[in-house]
Structures are given as C-alpha cells and as structure tokens.
Amino acid sequence: MNFAVDFSDIWPRVPYLLGGAWLSLQIAFLAFCGGMIIGLFGAMAKTYGGPWLRRIVDIYVSFFTNTPQLVQIYFIFFALPDWGVRFSPYVAVLLGMTLNAGAYLTQVQRTGFTSVRRAEIEAAETLGFTRMQSVRYVILPHIMKTLFPPLSNLYILMTLGTSMAAVFGVEELTGRAFNINSETFRSVEVFLVAAGIYIVITFMATLLLAGVGRRFFRAKMSYF
Amino acid sequence: MFEQIVDAAPRFFGYYNVLFLLQALAATFLLSLVGCVLGFGFGFLLAVTRRTTGRRLLPLRVLTIVFSEAFRRVPFLVTLMLVFFAFQALRLETSMFTVALVSVCLIATAFIAEIVRSGLASVHQNQWDAAAAMNFTYLETLRYIVVPQAWKVMLPPAFSFFVLFIKDTALASQIGVVELTFAGKVLANKGFPAALTFGTILVLYFALSWPLARFGQWMEVKLAPARTR
Numbered sequence: 003m004n005f006a007v008d009f010s011d012i013w014p015r016v017p018y019l020l021g022g023a024w025l026s027l028q029i030a031f032l033a034f035c036g037g038m039i040i041g042l043f044g045a046m047a048k049t050y051g052g053p054w055l056r057r058i059v060d061i062y063v064s065f066f067t068n069t070p071q072l073v074q075i076y077f078i079f080f081a082l083p084d085w086g087v088r089f090s091p092y093v094a095v096l097l098g099m100t101l102n103a104g105a106y107l108t109q110v111q112r113t114g115f116t117s118v119r120r121a122e123i124e125a126a127e128t129l130g131f132t133r134m135q136s137v138r139y140v141i142l143p144h145i146m147k148t149l150f151p152p153l154s155n156l157y158i159l160m161t162l163g164t165s166m167a168a169v170f171g172v173e174e175l176t177g178r179a180f181n182i183n184s185e186t187f188r189s190v191e192v193f194l195v196a197a198g199i200y201i202v203i204t205f206m207a208t209l210l211l212a213g214v215g216r217r218f219f220r221a222k223m224s225y226f
Numbered sequence: 573m574f575e576q577i578v579d580a581a582p583r584f585f586g587y588y589n590v591l592f593l594l595q596a597l598a599a600t601f602l603l604s605l606v607g608c609v610l611g612f613g614f615g616f617l618l619a620v621t622r623r624t625t626g627r628r629l630l631p632l633r634v635l636t637i638v639f640s641e642a643f644r645r646v647p648f649l650v651t652l653m654l655v656f657f658a659f660q661a662l663r664l665e666t667s668m669f670t671v672a673l674v675s676v677c678l679i680a681t682a683f684i685a686e687i688v689r690s691g692l693a694s695v696h697q698n699q700w701d702a703a704a705a706m707n708f709t710y711l712e713t714l715r716y717i718v719v720p721q722a723w724k725v726m727l728p729p730a731f732s733f734f735v736l737f738i739k740d741t742a743l744a745s746q747i748g749v750v751e752l753t754f755a756g757k758v759l760a761n762k763g764f765p766a767a768l769t770f771g772t773i774l775v776l777y778f779a780l781s782w783p784l785a786r787f788g789q790w791m792e793v794k795l796a797p798a799r800t801r
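First to last, the protein sequences are chains F and C. Residue numbers for the first sequence follow the working numbering, so the first one is 3 and each next one is one higher. Residue numbers for the second sequence follow the working numbering, so the first one is 573 and each next one is one higher.
No lab work stands behind these hints, which were simulated from the structure alone. It cannot be assumed that every hint is accurate.
Lysine to aspartate or glutamate pairs mimicking EDC-like chemistry, simulated, CA-CA at most 20 Å apart [claimed, not checked]: (1) Lys762/C / Asp84/F; (2) Lys762/C / Glu641/C; (3) Lys147/F / Glu185/F; (4) Lys724/C / Glu712/C; (5) Lys757/C / Asp84/F; (6) Lys724/C / Glu641/C; (7) Lys724/C / Glu665/C; (8) Lys222/F / Glu686/C; (9) Lys762/C / Glu575/C.
All chains, please: the whole structure from these sequences, using the hints.
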C-alpha cells in the first residue's frame with residue numbers, strides 16, 4: 003500500500019471551494035424561499051380550498067415527495083427541451099429544488115395550519131378580521147412557533163441537497179470539488195475538505211437558526 | 573413530440589428493457605433496505621453507547637457524538653465519493669454496489685442513532701431509576717424495561733427515514749451502481765425519448781415509495797399511544 007494523505011495541493015484551492023459553498027448557500031436559500039411561497043399557497047388550498055383544489059394539491063405533494071429530486075431535475079433538464087422548454091443547468095436545478103421543497107413545505111405548513119385551534123380563528127372572525135388579516139395576525143405568529151424547528155431542519159437538509167447540482171455541472175461546493183479532483187487527483191483529500199466545509203456551514207446555520215427561533219418565535223430549539 | 577413517444581413506446585417496453593428496469597428497481601430497494609437495516613443496528617449501538625455513564629467509556633461517547641453530528645451534515649453525494657475514493661486508495665477490490673451500500677450504511681447509522689436516542693429518551697426517567705433500584709444492569713434495563721416501551725416511538729421515524737432514503741439512493745447512479753436512475757440514464761443514452769424514460773423512472777420510484785410511505789403513516793397511527801390517537 004503506497005498511499006499517503008497529502009493536503010498540500012488542496013490548501014491553496016480552499017478559497018475556490020469556499021466560493022462554491024457561497025453558491026450552495028444561495029441555491030438553498032432561493033429554493034427554500036420559492037418553496038415557502040408554494041407551500042404557503044398549497045397549505046392554504048389544502049385547509050380552506052374546495053375538494054378539487056385539495057385533490058390537485060394532494061397529487062402534487064405525493065408525487066414530488068415520493069420521487070427522487072435527482073430524477074425530477076433530470077426530467078426538467080433532459081425531457082422538457084423536447085417540447086422546446088430549455089433551461090440552463092443552474093435554473094433547472096433551482097426549479098427542481100423549488101418544486102420539491104414546495105411539496106415538503108406544503109406538508110409542513112399544513113400541520114401548522116391545523117395546529118391553530120378553531121376557537122382562535124373564530125375569535126378573529128368575531129373581531130371582524132378578514133381571512134387575510136386572520137392569517138397575518140392570528141395564524142402566522144402561532145404557526146411560526148410550532149413550525150420554526152421543522153422548517154430550519156428542512157433548510158439544513160436542503161443545503162445538503164444542493165450537492166445534487168454538481169451532477170448537472172453547476173459549480174457549487176461539490177461541483178468545484180469535482181473540478182479540483184480532476185486537476186490534482188488528490189481525491190480523498192478534496193472530498194474530506196469539502197465534507198468539512200459542509201459540516202461547518204450547516205453547523206453555523208443550525209446555530210443561527212436556533213438563535214433566531216429562540217429569540218423571535220419562542221420556539222423550543224437546542225443549539226446542538 | 574407525443575408521436576415520437578407513442579412511436580417509441582412499444583420498443584421501450586420490450587421484454588429485456590422491462591426486465592432491466594425491474595432488476596434496477598430491486599437494486600434500488602435492496603440498497604436502501606439493507607443499508608437501513610444495518611444502519612438501525614449500528615445506530616442502536618451508537619445510541620446505547622451514548623447513554624452509558626462510566627468514565628472509561630467517555631472517549632467512546634465523544635466519538636459517537638462526533639460521528640452522528642458529522643455524517644448528518646455531509647451530503648450523500650460527498651459521502652459516496654469519499655467512500656469510493658477511500659476504497660480505491662486502500663486498493664480494496666469491491667463492486668460499486670458495496671461502495672454505495674457502505675455509504676448508505678454510514679449515513680443511515682448517523683441519522684438512526686439520533687432517532688433511537690430520542691426513542692430511549694422518551695422513556696420516563698422514573699422507569700430507568702426504578703430499574704436501577706431493582707438492581708438491573710444497564711443491558712437488562714434496556715432489554716426488559718426500555719426497549720419494550722421505546723420501540724413504538726422509534727419504529728415510525730426509522731421507517732420513514734428508510735422510505736426517504738429510497739429516493740436519495742438515486743445519487744448512487746453517479747458512481748455507476750446499476751439502480752433505477754442509472755437504468756434511466758442507460759436507456760436515454762440508447763436513444764429513447766428522455767420524457768418517456770425519465771417519466772417511466774419517476775413512475776417506478778413512485779410505485780415503490782408511495783405504498784411504503786402510506787404503510788408508514790398507517791403504522792404511525794397504529795403505534796401511537798392511546799392518548800394522542
């Protein structure tokens with residue numbers, strides 16, 4: 003066995019990797035925001051909508067939560083061009099992740115909606131709140147407290163999910179690790195450093211989210 | 573475009589292609605099933621180690637915490653590449669399936685250790701204390717007192733992790749494991765319309781994952797303690 007661990011080729015390239023990490027965080031953030039909006043409408047449709055609307059949302063959620071994100075993006079990236087719909091790799095990944103996140107976030111937000119007690123909504127109605135007002139002033143503050151922990155969990159998982167973009171040639175953290183690998187052939191070392199960066203950025207995200215959750219939403223979250 | 577799909581469909585659903593797809597489906601299922609069953613075993617060991625109190629076992633406890641914190645924060649694709657290149661560097665001749673299995677096992681161990689840990693924590697402290705008062709050893713406490721109460725709490729999330737991981741194993745196609753996604757790529761490269769191939773792959777994943785997910789939901793309701801049912 004003549005294998006020696008040698009990081010000397012990797013250290014000068016760490017800033018390049020960190021640039022990739024920044025792109026990973028961007029993709030995760032954008033997809034999460036898009037998914038939140040889809041999820042909010044989905045959850046509202048499931049809670050207040052008619053039977054047909056609920057059925058459509060059900061199909062959307064169960065389809066996207068029961069198929070792999072990777073294959074969904076494959077479909078968007080390779081199959082849609084046959085119909086003349088073309089995306090760049092970055093947009094295809096972002097679109098796939100957003101739709102996927104939207105399905106999971108519909109589920110998560112719906113549990114928040116149903117956790118609001120009937121009496122609270124009736125009280126809001128009695129006070130003459132419109133539906134949008136009761137969502138804004140009664141339901142949202144309540145559900146943020148219950149939903150913030152699972153949401154931040156999902157956000158962390160989505161940050162890890164962005165590594166999928168490397169498959170389509172997006173140069174985020176994993177993609178850049180692949181690039182360095184083919185330049186230097188220090189495979190184990192590159193991926194060890196990339197894994198380390200993932201651990202650091204998700205750990206920082208955990209700390210930040212737990213801090214925000216405790217401070218602003220009175221959510222019960224641990225830092226560890 | 574639709575004519576093209578209708579045109580290619582009879583050839584696409586020929587005997588050998590269907591056989592190939594079904595084998596790939598089985599590989600996908602086995603990969604996550606075996607990975608998660610092994611992961612459950614190791615995760616259980618990790619969680620049990622983490623609850624020990626002896627001073628001599630302290631380094632071991634720290635190690636379990638580091639392991640499950642680290643592997644829950646590394647993407648599956650990166651773990652896969654690490655295991656793949658580590659095997660290569662150590663000159664271990666193994667199939668790609670084994671490499672993927674080891675990666676699944678590592679990640680599943682880390683996640684399931686946390687599930688088991690919260691399951692053990694769900695048993696009230698009084699039960700542990702009572703067992704200690706009756707002079708049960710740690711292992712006897714687990715065997716006779718804790719696990720009979722905690723398995724109902726641990727099983728549903730562990731099962732839903734398994735179902736979740738069926739979809740994550742799609743990434744194993746990147747190192748050349750012949751599972752469902754890889755089969756889709758092969759067929760698409762053979763010249764079948766991408767919409768048809770990847771559409772079929774999506775449907776097959778759905779057909780595998782949806783019944784299992786429904787079964788998991790049913791189990792969760794069935795095993796829930798009476799007061800929350």
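Verification of the supplied hints:
This hinted pair checks out: lysine 762/C and aspartate 84/F have alpha carbons roughly 16 Å apart, not beyond 20 Å. About 42 Å separates the Cα atoms of lysine 762/C and glutamate 641/C, which puts this hinted pair outside 20 Å; it is violated. Restraint check: the Cα-Cα separation between lysine 147/F and glutamate 185/F comes to about 48 Å, which exceeds 20 Å; the hinted pair is violated. Taking the CA atoms of lysine 724/C and glutamate 712/C, the gap is about 19 Å. The hint holds against a cut of 20 Å.
For the given pair, lysine 757/C sits about 16 Å from aspartate 84/F by alpha-carbon distance, which is consistent with the 20 Å threshold. Taking the CA atoms of lysine 724/C and glutamate 641/C, the gap is about 24 Å. The hint is violated against a cut of 20 Å. Using a Cα cut-off of 20 Å, the hinted pair lysine 724/C and glutamate 665/C is violated, with the two alpha carbons roughly 40 Å apart. Distance hint between lysine 222/F and glutamate 686/C is fulfilled; the C-alpha atoms sit about 18 Å from each other, no more than 20 Å.
Distance hint between lysine 762/C and glutamate 575/C is fulfilled; the C-alpha atoms sit about 18 Å from each other, no more than 20 Å.
When held up to the earlier numbered hints, the structure conflicts with 2, 3, 6, 7 and fits the remainder.
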